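Chain residues, written in single-letter form:
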Amino acid sequence: MSDLQPPVLAIDGLRVEYPLANGSVFTAVEHASLVIQPGEIHALVGESGAGKTTIGNAVMGLLEKPGRIAAGTIHIGGKPFDPAKGSAEGVVLGRDVGAVFQDPMTSLNPLFTVESQLTETMRAHLKLDRASARARALQLLEAVGIPEPQRRLKAYPHQLSGGQRQRVVIAAALSCDPKLVVADEPTTALDVSVQAQILKLLRDLADERGIGILLVTHNMGVVAQIADRVTIMHRGKVVESGPTVEVLRRPRAPYAKALIGAVPRIDAKLDRFPVLGDEGKGRAAEARAMLRSSAERTGDAVDGAPILSVENLCVEYITSGWLPGSKGHTFRAVDGVSFSVNSGEVFGLVGESGCGKTTIANVVSGLLNPTAGRVTYRGQTVAGEGAIRRIGPLRQAIQMIFQDPYSSLNSRMRIGSILAEPILFYRLASSKAEAEDDVARLIEAVGLEAEAAQRFPHAFSGGQRQRLSIARALGARPRLIVCDEPTSSLDVSVQAQILNLLKDLRDATGLTLLLISHDLAVVRQMCDRVAVMRQGKLVEEAPSETLFTAPQHPYTRELLSLVPTLDRIRGEPQAA
Amino acid sequence: MHMLKVLLSRLGQAALVMLVVSAVSFLMFRFVGDPVATMSRENATVEEKAELRRSLGLDQPVVVQYGRFLARTLSGDLGISYRNQRPVTQLIAERLPATLELVIVATVLSLALGIPLGVLCALKPNGIAARLVQALSLVGISTPTFVTGIVLILVFAVSLGWLPSFGRGQVVDLGWWSTGFLTASGLKSLLLPGITLALYQLTLIMRLVRAEMIDVLSSDYIRFAKARGLPSRYIHFRLALRNALMPVITVTGLQIGSLIAFAIVTETVFQWPGMGLLFIQAVSFADIPVMAAYLLFVGLLFVLINTVVDILYAVVDPRLRARSA
Numbered sequence: 001m002s003d004l005q006p007p008v009l010a011i012d013g014l015r016v017e018y019p020l021a022n023g024s025v026f027t028a029v030e031h032a033s034l035v036i037q038p039g040e041i042h043a044l045v046g047e048s049g050a051g052k053t054t055i056g057n058a059v060m061g062l063l064e065k066p067g068r069i070a071a072g073t074i075h076i077g078g079k080p081f082d083p084a085k086g087s088a089e090g091v092v093l094g095r096d097v098g099a100v101f102q103d104p105m106t107s108l109n110p111l112f113t114v115e116s117q118l119t120e121t122m123r124a125h126l127k128l129d130r131a132s133a134r135a136r137a138l139q140l141l142e143a144v145g146i147p148e149p150q151r152r153l154k155a156y157p158h159q160l161s162g163g164q165r166q167r168v169v170i171a172a173a174l175s176c177d178p179k180l181v182v183a184d185e186p187t188t189a190l191d192v193s194v195q196a197q198i199l200k201l202l203r204d205l206a207d208e209r210g211i212g213i214l215l216v217t218h219n220m221g222v223v224a225q226i227a228d229r230v231t232i233m234h235r236g237k238v239v240e241s242g243p244t245v246e247v248l249r250r251p252r253a254p255y256a257k258a259l260i261g262a263v264p265r266i267d268a269k270l271d272r273f274p275v276l277g278d279e280g281k282g283r284a285a286e287a288r289a290m291l292r293s294s295a296e297r298t299g300d301a302v303d304g305a306p307i308l309s310v311e312n313l314c315v316e317y318i319t320s321g322w323l324p325g326s327k328g329h330t331f332r333a334v335d336g337v338s339f340s341v342n343s344g345e346v347f348g349l350v351g352e353s354g355c356g357k358t359t360i361a362n363v364v365s366g367l368l369n370p371t372a373g374r375v376t377y378r379g380q381t382v383a384g385e386g387a388i389r390r391i392g393p394l395r396q397a398i399q400m401i402f403q404d405p406y407s408s409l410n411s412r413m414r415i416g417s418i419l420a421e422p423i424l425f426y427r428l429a430s431s432k433a434e435a436e437d438d439v440a441r442l443i444e445a446v447g448l449e450a451e452a453a454q455r456f457p458h459a460f461s462g463g464q465r466q467r468l469s470i471a472r473a474l475g476a477r478p479r480l481i482v483c484d485e486p487t488s489s490l491d492v493s494v495q496a497q498i499l500n501l502l503k504d505l506r507d508a509t510g511l512t513l514l515l516i517s518h519d520l521a522v523v524r525q526m527c528d529r530v531a532v533m534r535q536g537k538l539v540e541e542a543p544s545e546t547l548f549t550a551p552q553h554p555y556t557r558e559l560l561s562l563v564p565t566l567d568r569i570r571g572e573p574q575a576a
Numbered sequence: 001m002h003m004l005k006v007l008l009s010r011l012g013q014a015a016l017v018m019l020v021v022s023a024v025s026f027l028m029f030r031f032v033g034d035p036v037a038t039m040s041r042e043n044a045t046v047e048e049k050a051e052l053r054r055s056l057g058l059d060q061p062v063v064v065q066y067g068r069f070l071a072r073t074l075s076g077d078l079g080i081s082y083r084n085q086r087p088v089t090q091l092i093a094e095r096l097p098a099t100l101e102l103v104i105v106a107t108v109l110s111l112a113l114g115i116p117l118g119v120l121c122a123l124k125p126n127g128i129a130a131r132l133v134q135a136l137s138l139v140g141i142s143t144p145t146f147v148t149g150i151v152l153i154l155v156f157a158v159s160l161g162w163l164p165s166f167g168r169g170q171v172v173d174l175g176w177w178s179t180g181f182l183t184a185s186g187l188k189s190l191l192l193p194g195i196t197l198a199l200y201q202l203t204l205i206m207r208l209v210r211a212e213m214i215d216v217l218s219s220d221y222i223r224f225a226k227a228r229g230l231p232s233r234y235i236h237f238r239l240a241l242r243n244a245l246m247p248v249i250t251v252t253g254l255q256i257g258s259l260i261a262f263a264i265v266t267e268t269v270f271q272w273p274g275m276g277l278l279f280i281q282a283v284s285f286a287d288i289p290v291m292a293a294y295l296l297f298v299g300l301l302f303v304l305i306n307t308v309v310d311i312l313y314a315v316v317d318p319r320l321r322a323r324s325a
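So the sequence lines, in the order shown, correspond to chains A and B.
According to UniProt numbering, the first sequence is numbered sequentially starting from 1.
According to UniProt numbering, the second sequence is numbered sequentially starting from 1.
So that you can see chain A by itself, here it is in the shape it has in the complex:
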């Protein structure tokens, strides 16, 4: 019956070019075509740089200068898009096309209330007066499921949680009843439970209001859960397109196969992540063998005995009142957590944002003092009551890898100096030349070329930078590395490579890893034992396989059920 209506979006043979300063042209998107019918969710998948966001921006006429549509056509609701004007005839951005961006923390203006940001769109496009715009804003907040909408209207963005902000963003996108919504990574910045709610909301909007949704995402699980059709892109080109079940179950293009294979599985543990090309061979393996011998020099055998133990750890953040003596609020970020990590194992700490997992990482690595409880490393108290000062070998033994590889390397220092720093600081090399050799070996061990030492961090991609962060941590010859979300800002295929690298390094050097992650699938693939945290408390701790096959705590079960995975694909008949 929808045959009578024109598709909400039809893209045919689209090419987007960016003229470069040297006169050449960078083609961001080439020969892309897709059609979205009313009520349909069409997922556009690919890794960063694949051109998927560029297509979304082209549709909205928001291409960054000097990008331009060089060929092909875009029809929105049957009306042709005019590249010169940046819109289609009679189609108004904000009224007929709504947008939802990735990060709800930054897509709302911090200085204006929710009401102001919701009503300004309606007042601009529908010419509503203040009172009727306000009434409609209330309806919208109710429709997207925000509790107490009356009160929320007066709130500023920072007074709302991430999930609530994304609902406000969606409400703003829907405010003028658009026929098409472009949602660019709408749930990437959110926790799984909030993600599940937002995805359901999007699906309902498509089903009930007949809105066509262009869903730009890198998350295959999300695609499987809500998309009707999917288009996979690689380096600006469409490599595969079709109904979701067909593409995900029977990918034909090699890249599509690799991309789907790189998605960490939550249903079974694999030895390694399948990746394109091989790595960890040749020079890298040699370099790792040498790292091992240097690790053995420290005379610290892998014996499976507890290396780190956390006992009854509490961390409180106290916010103050205005007067001395008045009670400030006490926020207990970590509340009586105990666990121990054995040498040579990978111990996973999982939970949603705000559960206290990063706080524990900071205490373990000495960046934060606990309120109560203690942390011991090989029997020595390193944090809490009676902690000894971390100097020399003790500080050296525990190193950290941070989440964001873009901000964790000093952009003004060459890679060589960055990596030599821990080596020289701990006097692990007797001369500058020896330190340089060590640096070269470290760079090779993480799978890069030794000449990387001469370059600055900006010359490397996110994945390469994270390799360098790992090399820097290894430079101190640690026994324990705390990895705080080491791959959550990386593409799946890069994530697979980094996780393989961590596994290989663990096998080669007998390192112990404390892996902190919100991604249950990653944890399953990586960890020997796992602890699940919720609101500062540890709810369940078990060997990894036991936890995933027979979760005991209801919260663990809930978390597991919410992860969008490839085993449940929308439109596929469910096995009994």
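These are calculated hints, taken from the structure and not from any lab test.
Nothing here was measured: the structure is a model prediction, and the numbers come from that model.
Even for Gly, the Cβ is constructed at its ideal location relative to N, Cα and C.
Partial pick of chain B residues on the chain A-facing surface, computed with a CB cut under 8 Å:
#1 Ser219
#2 Asp220
#3 Tyr221
#4 Phe224
#5 Lys226
#6 Arg228
#7 Gly229
#8 Pro231
#9 Leu239
#10 Arg242
#11 Asn243
Please arrange chain B on chain A, whose structure you already have, making use of the hints.
Same frame as chain A, but now just chain B:
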């Protein structure tokens, strides 16, 4: 930390800074010259000089002199000017309105021109107007104040004869305040020194607004506003400008202190009867009480403004706001 604790510790620090400033201003001026030599007749006898020295309290040990100075200062008595034998507080009270009016005019001018020019440069970074403004702002930021002042006098007072070259013109005495805002000649006289003093400030604000605006325009919430199809004038002037102005407010507040301090040069060039001129005249006469009082005053001003800004930061911090909500 409790808010009151923060407040008290900030005030304690401010008091400490003021103590150091008073010590520095007191000690420094021990060495600028002997006031007795300047004040006494040329053929004064040694006894006469010793008598004068004793009456000024200059025969006491330095520590005792400093103690007295501090005690007097705290009781609001800044001493008697050596030069014109009048209480320093009275002299400052007379001169303060002239300086403050000049500073107000300079601040208003710099904001009124700096903000729109900054926005222009941010919105059309490659336009001819923006490039011209950028180039001129470089000249403005690198030319010394006295050169600008002299050039302005040359053009507008000497060659064109439009505006007066010195003084405040006619002022209206309101009892506790003498103002040049109420007469035509007073307003005309404010123009050249006001522009001279504002120029550096103006370029600073313009560059700040430009940088902040460029930053804000590339933010997600502005992209989101564009994606909602809001009119660009609304996006630029209601949404983005408000975000860009937050740091401008801070800087303007802090700069008012330096405007008052830098007014010395402008006031000298334009013979403006303000505090700066008072200070310069005091220096040439080794009028220690006036110099010390001026230094204390400027120090106090800076400390006050900085303390207020620090406290405001704590108040404006959204996390603090979130808690009370």
